[in-house]
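The listed protein sequences derive, respectively, from chains A and C. Here the first sequence is numbered in the working numbering, starting from 1 and rising by one per residue. Here the second sequence is numbered in the working numbering, starting from 1 and rising by one per residue.
Keep in mind that the hints were calculated from the coordinates and are not lab data. In this text, all values refer to a predicted model and were calculated from it rather than measured experimentally. Be aware that one or more of the hints could be misleading.
[What the hints assert, rightly or not] Calculated lysine to aspartate or glutamate pairs in the EDC-like style (CA-CA distance at most 20 Å, straight line):
(1) 61(A) / 85(A)
(2) 68(C) / 30(C)
(3) 68(C) / 18(C)
(4) 61(A) / 88(A)
(5) 68(A) / 54(A)
(6) 101(A) / 56(C)
(7) 78(C) / 57(C)
(8) 101(A) / 30(C)
(9) 78(C) / 18(C)
(10) 24(C) / 11(C)
(11) 101(A) / 44(C)
(12) 101(A) / 57(C)
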Amino acid sequence: AQSVTQPDIHITVSEGASLELRCNYSYGATPYLFWYVQSPGQGLQLLLKYFSGDTLVQGIKGFEAEFKRSQSSFNLRKPSVHWSDAAEYFCAVGLYGGYNKLIFGAGTRLAVHP
Amino acid sequence: DAGVIQSPRHEVTEMGQEVTLRCKPISGHDYLFWYRQTMMRGLELLIYFNNNVPIDDSGMPEDRFSAKMPNASFSTLKIQPSEPRDSAVYFCASSPGGTGSGAQYFGPGTRLLVL
Numbered sequence: 001a002q003s004v005t006q007p008d009i010h011i012t013v014s015e016g017a018s019l020e021l022r023c024n025y026s027y028g029a030t031p032y033l034f035w036y037v038q039s040p041g042q043g044l045q046l047l048l049k050y051f052s053g054d055t056l057v058q059g060i061k062g063f064e065a066e067f068k069r070s071q072s073s074f075n076l077r078k079p080s081v082h083w084s085d086a087a088e089y090f091c092a093v094g095l096y097g098g099y100n101k102l103i104f105g106a107g108t109r110l111a112v113h114p
Numbered sequence: 001d002a003g004v005i006q007s008p009r010h011e012v013t014e015m016g017q018e019v020t021l022r023c024k025p026i027s028g029h030d031y032l033f034w035y036r037q038t039m040m041r042g043l044e045l046l047i048y049f050n051n052n053v054p055i056d057d058s059g060m061p062e063d064r065f066s067a068k069m070p071n072a073s074f075s076t077l078k079i080q081p082s083e084p085r086d087s088a089v090y091f092c093a094s095s096p097g098g099t100g101s102g103a104q105y106f107g108p109g110t111r112l113l114v115l
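Please work from the sequences and hints to get the whole structure.
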């Protein structure tokens, strides 16, 4: 069955430090992969997506993610975290292209220390 | 574009009452999704529509839940009768059809509290 695993429930980093959020997926076909961010009391905002091509994907707010098929991973990175990045981050895999079903991970809550 | 619009943003009701949540998708999007988010279960897909037709409602918890999409710019999710365990944040999302797109765009959510 299709699934998405985000191993880290909570991560705390200092402002200015680098960040990597992990995501592993299980899906038999070529995955469509997404990262979303949810600020408190808000809806989910799309950060970036991967469909095909270059395995390093650039997104909004300075985020990037790298697709590694051999590891079934799609980790999210940012070289220097800002206090405003504190939020919950969700990785998702899209079935049949993503516009009909997304399977979400449980999320990783990011705290940023000044 | 105004994005996905949901109303109300907050709803407090008593057990047994009918609750209706509303959603206006992004204009031109062919797909509409209803999700529920709770601490215990995370994000769950309840139902989705394609061109106003329900495609998959396997996530709808039980017969108390129903969803409609009478036209391309409006959808409702109804709970009748409501129960305390229905308390959650309900999100609507829409997505353009076609190949290569696939990203879903979420509304701000309706926070429902059933007392």
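Report task. Sort out whether residue 18(C) lies within 20 Å of residue 68(C), counting only the CA atoms. Result -> holds, 15 Å
Pairwise hint evaluation, residue 56(C) against residue 101(A), where the allowed Cα distance is 20 Å at most
Holds, at about 9 Å.
Quiz item: Is residue 101(A) close enough to residue 44(C), meaning Cα to Cα at most 20 Å?
Solution: Holds - the C-alpha atoms of residue 44(C) and residue 101(A) are around 11 Å apart, at most 20 Å.
task: Compare the distance between the alpha carbons of residue 61(A) and residue 85(A) with 20 Å, and conclude whether the hinted pair is satisfied.
output: Holds - the C-alpha atoms of residue 85(A) and residue 61(A) are around 9 Å apart, at most 20 Å.
Given pair status - residue 54(A), residue 68(A), alpha carbons within 20 Å:
The given pair, whose Cα atoms are some 11 Å apart, holds under the 20 Å limit.
Query raised in the report: Holds or violated: are the alpha carbons of residue 68(C) and residue 30(C) at most 20 Å from each other?
Result: Judged against 20 Å, a Cα distance of about 15 Å means the pair holds.
Fill in: residue 78(C) paired with residue 57(C) [C-alpha distance capped at 20 Å]
holds, 13 Å
Q) For the pair supplied as a hint, residue 61(A) and residue 88(A), is the alpha-carbon distance within the 20 Å limit? A) Answer holds: residue 61(A) to residue 88(A) is near 14 Å, not above 20 Å.
- Task: Given the hint that residue 78(C) pairs with residue 18(C), test it: the Cα-Cα distance must not exceed 20 Å.
- Result: Holds, because 7 Å separates the two Cα atoms, which is no more than 20 Å.
query: Holds or violated: residue 101(A) with residue 57(C), Cα cutoff 20 Å?
result: Measuring from Cα to Cα gives roughly 12 Å; hence the hint holds.
Distance restraint between residue 101(A) and residue 30(C), which requires alpha-carbon spacing of 20 Å or less: holds, 13 Å
| request: For the pair supplied as a hint, residue 24(C) and residue 11(C), confirm whether the alpha-carbon distance does not exceed 20 Å. | output: Holds, because 17 Å separates the two Cα atoms, which is no more than 20 Å.
Of the numbered hints listed earlier, not one is contradicted by the structure.
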